[in-house]
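**Q** Residue-level listing of the chains:
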Amino acid sequence: MRKVYNKILNIVGNVITVKATDVSYEELAEITTARGKSLAQVIKLDGDLVSLQVFAGTKGISVNDEVRFLGHPMMVTFSDDMLGRIFDGAGNPRDKGPLLTENMIPVAGPAVNPAKRIIPNRMIRTNIPMIDVFNSLVVSQKLPIFSISGEPYNELLARVALQAQVDMIILGGIGLKYDEYMKFKFTLEQGGALSRSVFFVNTASDPIVESLMVPDLALAVAERFALKGKDVLVLLTDMTNFSDALKEIAITMEQVPSNRGYPGDLYSQLAARYEKAVDFEEAGSITVLAVTTMPGDDVTHPVPDNTGYITEGQFYLHHGYIDPFGSLSRLKQNVNSEKRSRKDHRAIMDGMIQLYAQFIETEEKRSMGFRMSDWDQKLLKYGGMFRSQMMDLSVNISLEDALDRGWKILAECFKPEETRMRTELIKEFWPNGAK
Amino acid sequence: MSLTTGKITGVNGNMVTVAVTGNIMQNEVAYIIKGKERLKSEIVRIGDGVAFLQVFESTKGLLIGDLVEFSGQLLSVQLGPGLLTQIYDGLQNPLPEIAKEYGFFLPRGVEKKPLDDEKLWEFTPAVKKGDLVTGGSVVGHVPEGIFQHAIMIPFDFSGEFVIEEIVAAGKYAIKDTICRIKDNRDKIFEIAMTFRWPVKIPIKAYRDKIVPTEPLVTQARIIDTFFPVAKGGTFCIPGPFGAGKTVLQHILSRHATADIIVVAACGERAGEVVELLREFPVLEDPRTGKTLMDRTIIICNTSSMPVAAREASVYTAVTLAEYYRQMGLDVLLLADSTSRWAQAMRELSGRLEEIPGEEAFPAYLESRIAEFYERAGLVQLYNGKTGSLTIGGTVSPAGGNFEEPVTQSTLKVVSAFLGLSRDRANARRFPSIHPLESWSKYESFIDKNIIIEARELLRRGNEVNQMMMVVGEEGTSMDDFELYLKSEFLDSVYLQQNAFDPVDAASNRERQKHVFNVVRKILETDFRLETKEEARTIFYRLRQIFIDWNYIDMKSAEFKTQEDEINKLIEEHSENEKGV
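From first to last, the protein sequence lines are chains A and B. Going by the numbering used here, the first residue of the first sequence is number 1, and it counts up by one from there. Going by the numbering used here, the first residue of the second sequence is number 1001, and it counts up by one from there.
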């Protein structure tokens, strides 16, 4: 029987301190208050003084409340019964289903041996041309959507989840607004994907410490499914909330902040989560698609900045479009070569973006009142078509259809030689046969 | 001698405090005993009866009162034949070996031998009984892949020793005694082919450190011609994310003409290391005909591996690099990224509750960075040979802003600065080294004055470009416009290089000299240009032919024909019929 303590010495922020012995680092404890029970995790040992972060927050905790140590670190259940279920940040059901206590596994396990990783080369098709054609998503990639409040990033996430050819979807909601959470649930239900999904959701009204656990829970479960051969897509939204929760605890613990109040280990903390993305040799994979909202649309803010150094590219979501500039999939070369995709894939990818860049310049010139030449007119027509037929998020077509559509747009706006495409490709793909 | 032990009194992240009574020393290695696991740690501070340890592994599950054993040794690496082609973690554990035994994940508290004890090496002695030796003297050789690996007296043997006995040529394992030496008090020491060396102490078993002058040819034109790096020199590559730091490092690790490459993947993405791990064993090194792996050691402590070991990994890498330098080889160490190493120091410093400096980095950041780069150098060894260690580190400045402590501390100590620019990367101008902001204190194999002129042209071309954005092409004089086109030409055909083209990816010294002469000729020619449209057409045409030329093997016949084509075009449009 574990010892029970009922003398809390300090309560500061969401951290309490008790005098206790035989407590291990990162062990869990259960605190029983008048309002109910909450889990807490050991975050510091100093002699017999034990500091714990309380998942449900410290509001209403009295100094005589009972603290019972559980003798194990954070665990989560793992089984096929989890499919279609929704849990909170402490791993408890938030739907009306039964509590699952079978087969508990530890979270935040060890890193994958780099020598066991393989070079990823399988594309995840999403039927979104801005992703499939221009910045292909690759199995085992970790990729954030950089966006700002008000943009439809969660809709985009839900759509990718629904259309991506993966075996399983695990959603980690961190500080998610309640209606956004309901929308996710509704979208996946409508799309018939709920039965292959697991949700870990911490909403904006839930305790903030619990949000810290969400990525670890989601990724631990994903890792087990991947080891069983499943291709798992993990969605994390919003990692800026996660970073802010880290900041809050760090400040409470009187750690020296490094940049805008964030702790010095923000990079390592984010990397520990994102690096769980992996393609296991002879087993399944984990692909991580996350949302990072940029406070003040500032990409040099510590959260997007550190994230950019960790992830394998990023999608910028601006004004409802995935911005072709700045968006980058670092792994796209692995999947869009002639060997792995259609032979005109790279040419369309580069050619259309170069022309779009020229269109942007022309658009600027126009807004400054410069006279528009014939070439400018062509570019303006092209830019409009590119936006409405390729960039618009409602466009929902396969990679091959998108490539064909690319050629069609080019043919409607330009002569073949104006596109700088290789002659050989023009012969093969130009609609209605080019001279 | 019994080992000192202690008991844990506190745990905070990867920092553990230990109550201890025996003798301990700063930077000593200690092990926390947790059942079968032995968690390696290092003493980073000593208080009254308390040792502060940074633990190289996860501290999850540690208890107050857990046993700690002190080893009496500084953090060190094992040196000897067999290091090449290895893939180590930051503490020199061979990762493929661990994978064989433990599968997908990195287990906690496990140590593996860095070198194979049993493997036999063909030893040839280089000394005989009665010869005088000292620390660093070569007593024999074993073939290691493409190199003759020198077997040396451990570097901490100072003073003169006499060879008492040396084994005959034959096959020996690294642990076998191969010679016995005697000091002036007749004390005998047994020497094996392997020994350990503490990573934080530079190896100084050489006669002299000399000034690096000879360029280390990296086969990247913009570096070798404009911002050269000398053998034994230092350089840094700062750049925001997405500017191509790691790609540039990979290019250097493939094509640089050093004998040995040590890659320290420090706190970066695992995926990037995997590319090296999977591709180097199959990519051929054109200079040796063997695979690239044969000349490479990879130290890999990626971002999700424990932070403290990240700090150690840089030292592990530089020590292995120094060891091969002692054999008279040219070694290149590439550290990606030194910012992650600095962040590891910052995390540790925070846990020690030290007074923070700028952006919470510790006050000693600058001196640590300086000490690290100072381990580079061209040295003259006791046997008269020279060896060099060149160090290049990437820096990942927060927000891409070079005014941050790590970049600034690094710039103070390195002799070449290859600054990457996001704008150039966005414009797909690779390598994205900024030609106006970068600098090097070393000399290129191309005359200095010519380079100064070329850079001046780039600067003025840039000015004209800026001006054109305001006044438009119409408001720009023909001379200025020509200048602008020339600078763009230099940029497109020479500064930019296609890393994915088998020929263009690597440009050797001979080719660079040859090609740059042609570039120069074009830059110095007065072209006969009537309209801007015509000027643009001529230069675009020149550019096209020139880029095609870059893709042609210098040894092929086509190379000459293409060059004639360029010359013809220059003459056709030159103001002065003969060209310049």
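Think of the hints as simulated: they come from the structure by calculation, not from any bench. Here a beta-carbon is modelled for each residue, glycine too, at the ideal position from N, C-alpha and C. Hints may contain errors.
[Said to hold, decoys possible] Lysine-lysine pairs mimicking DSSO-like chemistry, simulated, CA-CA at most 27 Å apart: (1) K1513/B <-> K19/A; (2) K1007/B <-> K3/A; (3) K1034/B <-> K19/A; (4) K1060/B <-> K1119/B; (5) K228/A <-> K1060/B.
[Said to hold, decoys possible] Sample of chain B residues lacking proximity to chain A, with all beta carbon distances greater than 12 Å (derived): (6) S1071; (7) R1351; (8) E1354; (9) K1385; (10) E1488; (11) I1552.
**Q** Hint by hint, note whether the structure agrees.
**A** Okay, the hints, checked on the actual structure:
no.	hint	in the structure
1	K1513/B <-> K19/A	violated (74 Å)
2	K1007/B <-> K3/A	holds (22 Å)
3	K1034/B <-> K19/A	holds (23 Å)
4	K1060/B <-> K1119/B	violated (37 Å)
5	K228/A <-> K1060/B	holds (26 Å)
6	S1071	holds (22 Å)
7	R1351	violated (8 Å)
8	E1354	violated (8 Å)
9	K1385	holds (35 Å)
10	E1488	holds (16 Å)
11	I1552	holds (18 Å)
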